Amino acid sequence: MEEHIVIIGNGISGVTTARHIRKLSDKKITIISAETDHFFSRTALMYIYMGHMKYEHTKPYENYFWKKNRIELKRAFVKNVDHANKQLQFADDTTMSYDKLVLAVGSKPNKFGWPGQDLEGVQGLYSYQDLEKLEKNAPNKSACNRAVIVGGGLIGIEMAEMLRSRDIPVTFLVREKSFWNGVLPDGESGMINRHIKNHHIDLRLGTNLREIISDENGRARAIVIGETGEEIPCNVVGLTAGVSPNIDFLRDSGIELGRGIKVNRMLETNIPDIYAVGDCAEQHEGINGRRPIEAVWYTGRMMGETVAQTICGNPRQYNPGHWFNSAKFLDIEYQTYGWVFSKPREGETHFHWKHTDDTKCITINTEAATGKFIGINNFGIRMRHEVFDRWLTEERSTDYVVEHLAEANFDPEFFKHFEKDIISTYKSQAVTA
Amino acid sequence: MAIERNMSLTGQPPVSINTTQKIGVLIGMAGLFILLLAALGVDLGSAALWLTISLTAITAGVIIFAKGAYAHKLPGIKNDGVWFKSMSSRGVLGWIAGIVLTGFYIILYFYAGVLGLGQGVDGANTGLIGLFDPLSYLLKGSAASEWFVYGTLYTIAILAFGVKFMWKYKHNRYEQLRTISVMFFQTAFAFVIPELMARLNSDTFSLPYNDIKLMWPLNYYAFDQWRVDQFINAQNIGLFFLILGIVTIFVISPFLTYKYGKRWYCSWVCGCGGLAETAGDPYRHLSSKKMSAWKLERWMINAVLVFSVVMTTAVISTYLGYDSTKYWFTKNTFLISAGAFLVIMFAIVAYFKRDQLKNDAFKGAVIALVITLASFVAMSYLRFHEIQINAAYFSFGLNTNTYGLDGAMRTFYGFGIGSIFSGVIGTGFYPILGNRVWCRMGCPMAGILGIQQRLFSKFRITTNGGQCISCGNCSTHCEMGIDVRSYAQKGENIVRSSCVGCGVCSAVCPRGVLKLENDSLEGRINPTEVLLGNDVDLMDYVNNKNAS
Chain D
1 MEEHIVIIGN GISGVTTARH IRKLSDKKIT IISAETDHFF SRTALMYIYM GHMKYEHTKP
61 YENYFWKKNR IELKRAFVKN VDHANKQLQF ADDTTMSYDK LVLAVGSKPN KFGWPGQDLE
121 GVQGLYSYQD LEKLEKNAPN KSACNRAVIV GGGLIGIEMA EMLRSRDIPV TFLVREKSFW
181 NGVLPDGESG MINRHIKNHH IDLRLGTNLR EIISDENGRA RAIVIGETGE EIPCNVVGLT
241 AGVSPNIDFL RDSGIELGRG IKVNRMLETN IPDIYAVGDC AEQHEGINGR RPIEAVWYTG
301 RMMGETVAQT ICGNPRQYNP GHWFNSAKFL DIEYQTYGWV FSKPREGETH FHWKHTDDTK
361 CITINTEAAT GKFIGINNFG IRMRHEVFDR WLTEERSTDY VVEHLAEANF DPEFFKHFEK
421 DIISTYKSQA VTA
Chain S
1 MAIERNMSLT GQPPVSINTT QKIGVLIGMA GLFILLLAAL GVDLGSAALW LTISLTAITA
61 GVIIFAKGAY AHKLPGIKND GVWFKSMSSR GVLGWIAGIV LTGFYIILYF YAGVLGLGQG
121 VDGANTGLIG LFDPLSYLLK GSAASEWFVY GTLYTIAILA FGVKFMWKYK HNRYEQLRTI
181 SVMFFQTAFA FVIPELMARL NSDTFSLPYN DIKLMWPLNY YAFDQWRVDQ FINAQNIGLF
241 FLILGIVTIF VISPFLTYKY GKRWYCSWVC GCGGLAETAG DPYRHLSSKK MSAWKLERWM
301 INAVLVFSVV MTTAVISTYL GYDSTKYWFT KNTFLISAGA FLVIMFAIVA YFKRDQLKND
361 AFKGAVIALV ITLASFVAMS YLRFHEIQIN AAYFSFGLNT NTYGLDGAMR TFYGFGIGSI
421 FSGVIGTGFY PILGNRVWCR MGCPMAGILG IQQRLFSKFR ITTNGGQCIS CGNCSTHCEM
481 GIDVRSYAQK GENIVRSSCV GCGVCSAVCP RGVLKLENDS LEGRINPTEV LLGNDVDLMD
541 YVNNKNAS
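Protein sequence lines, in the order shown, are assigned to chains D and S.
Using UniProt numbering, read the first sequence as starting at 1 and increasing by one per residue.
Using UniProt numbering, read the second sequence as starting at 1 and increasing by one per residue.
These are calculated hints, taken from the structure and not from any lab test.
Keep in mind it's a predicted model, so treat the numbers as computed, not measured.
Note that CB positions come from ideal geometry on N, CA and C, so glycine has one too.
Please note: incorrect hints may appear among the correct ones.
[Stated by the list, open to error] Ranges between beta-carbon positions, derived for each pair:
1) V25(S) x I232(D): 55 to 65 Å
2) S244(D) x S181(S): 43 to 53 Å
3) F112(D) x D360(S): 50 to 60 Å
4) F352(S) x K136(D): 54 to 64 Å
5) V92(S) x K136(D): 21 to 31 Å
[What the hints assert, rightly or not] A few chain D positions that, by computed beta-carbon distances, are all more than 12 Å from chain S:
6) E62
7) D82
8) S178
9) N217
10) K372
11) I422
Please put together the full structure from these sequences, using the hints given.
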């Protein structure tokens, strides 16, 4: 009888693992999820609330796909992993045996012990259930007079955009003195600050949450700001201060845990035949400057591709290539290739160009001594992944990259090009520097 | 499901409309109300005055509505609430709009008398059509017909909703230029120039109504005898248009499709496409993305194409038989050369593109060719116009006339494809089936261009390495029902015969993954198993493994 591969979690990591195991073998595959019956794209949850899409559109595969590919789906909550007997225990006390187990259990929103963080109306935005909660808590601006979002990251700004689509007033508390400036250089972060305000979002920089105040029914009715003691009345509080691996159910399992599930480069845990992929996996050391835990869509997918090879008898190390990522801040798209840090590290310099309309800019990071190109952040201009990946591999100089920037342009046809302006700005800065 | 509530028109943002939009609706409705009064036979007095007021109000209403919707907003994607609004999510308003549009088409095609066509003294127009007489006299110097009324309203819809679409995509030059293009081609080539040219007609000189951009097989009547005769009789200028029409089909169109994909026609020039992209834009997300819909589409559109080729050949062959002095070809040489042309085309494709033709596509093509050739043989032995068909068998006894088989076929095609499919279903059902159901399922022109685009074109939609997050905006808002995401998440270029190149998938993508491009044929279709970003050796390993 074929080996039974059980995958906990039907997000991108778990589903990619299953698909690639099916491509490579005839093993029996089961995917378990407590969240939804079918795989959907978590990144699209915001568009359901905004009315751009319906839930069914977020499913990358039609429902017949799973049966056709002999991937069994089980809707259940795993409460314990008994690795000695290779068995899972579900919340309803039933069990399931496995031969190999892949943990792809994702993340949960962070809570930092704020007073009132468990009140009604206080929520994160990660799961399908969170979306249902938001629809209940903030159906419209009559039911929700104001929402306060705590945490200036990617989910926070998405949540602000969602609420603004229903014209709900939003106050956005950001601990840093500028939006996401632990990651973005000042020029970019400042541009996004202004863009957020242009969308009529009450952005409060350098502001911490002290507490959330309850009404008589245990619902949030206001928040208090740490620095000033100001009380802001609100009906909904969005907690979006990052996510962390969703591993509480594994505490006593014997699987080695840190912040996430500890894995080696083969994505194996300390227990034989148990693997971890995606947001919940923690490398012992970050790979090529990456963080030990990468809660990014494509890394989940790549880990799934890799672990499927290993499980099917072609042992492979997880070996991500050059760093890249993307996001969208309201109307401004962002992409990054290679490494650009908020402050140039020792021996690095930044070149920054910004368009006068204040919605487009780029920052290029260069090794000062050699002129080697290290990375680029581009806002409001699309760039080709393939070209930058090649330039990084070829270790091109920033001079070369700037001169050939048009090759990497990925904007739609007839869009205005800015390469000339960028080149002349680059040259003038090189002269003055 | 709790998260998919359907709010009503009077609901909350993003469903509710603001004061400017309400004023726009009011003005536009007033304009339509004047048309309704005229249609109901109310004597309004000066037709010129009321027609001017009505058309101005309709145009202004749409533009004011668009201003209210987009002017105060920052440039960006404006899809908030499209799945909540009753009008754009198959709600009550959507169904009402669908029924009203469908009703309008049925009256227009089959009961033009109701609209006042020739109902007055000495066959003068009354009612709605009478209202359009002043404009018709101004342009072409004769009374209006139902088609003039339709053409005017159609052009106004493309212009007014075109302005709305451009406002919606104020940040996107591709969308703006494309919209200016369809607005121009509709107004000039489909409306003003043909109507002005009608002025040239006299007792001794007559050109058929000729929308220059409309080519066979979209205008299935292009080679009907009356039309070809009229062209030939109009001597140099007529011959010019006849030859231009043929050159467009066999040379200009394939060349442009090779360079730019079928979008050069479908979303930059075509009138059907023009209406779909402007007035139909609010319904683009309603097209079905299911695999089953794609399968249906492939059978439907190619069946219509075969039918239209067979029918056109039949039509030409019947009149070629009558008069060998007037035409260069006799019936049999025409049939043999048409058949030979198709066989040679098929052989070339089957040989040079054999690696790209999937089994089912090849099978479908063989079936289509066999049916077509068998029909040609039948035409050569049978005299279609002498085969009599009693329509009673097909109309439950409603119509007891008998027709020649050729006439019956043409009537069926004109009625079934030309009227019911392209008009009643194609446009009337915008709010139910999406704005491109005709283009996707029924247009023979799209069928031909699609085959060219799939096999011989530099056009593709490129995906950007590993950036796709499978969110599904691209698929949801694809009016042709292409599951764009299924390609993007594999890092695979989108090379689909149905793609009209509207560019909306690229516009709505939040991660900058999609780009419409014309590039070399090499590597245009690039199936990949592992996306860019992962270990290069692993990519080679998996891709080679699958290639071998």
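Each hint, compared with the structure:
no.: 1; hint: V25(S) x I232(D): 55 to 65 Å; verdict: 37 Å, violated
no.: 2; hint: S244(D) x S181(S): 43 to 53 Å; verdict: 51 Å, holds
no.: 3; hint: F112(D) x D360(S): 50 to 60 Å; verdict: 57 Å, holds
no.: 4; hint: F352(S) x K136(D): 54 to 64 Å; verdict: 59 Å, holds
no.: 5; hint: V92(S) x K136(D): 21 to 31 Å; verdict: 25 Å, holds
no.: 6; hint: E62; verdict: 6 Å, violated
no.: 7; hint: D82; verdict: 33 Å, holds
no.: 8; hint: S178; verdict: 20 Å, holds
no.: 9; hint: N217; verdict: 21 Å, holds
no.: 10; hint: K372; verdict: 20 Å, holds
no.: 11; hint: I422; verdict: 17 Å, holds
Hints 1, 6, counting from the list given before, are not met by this structure.
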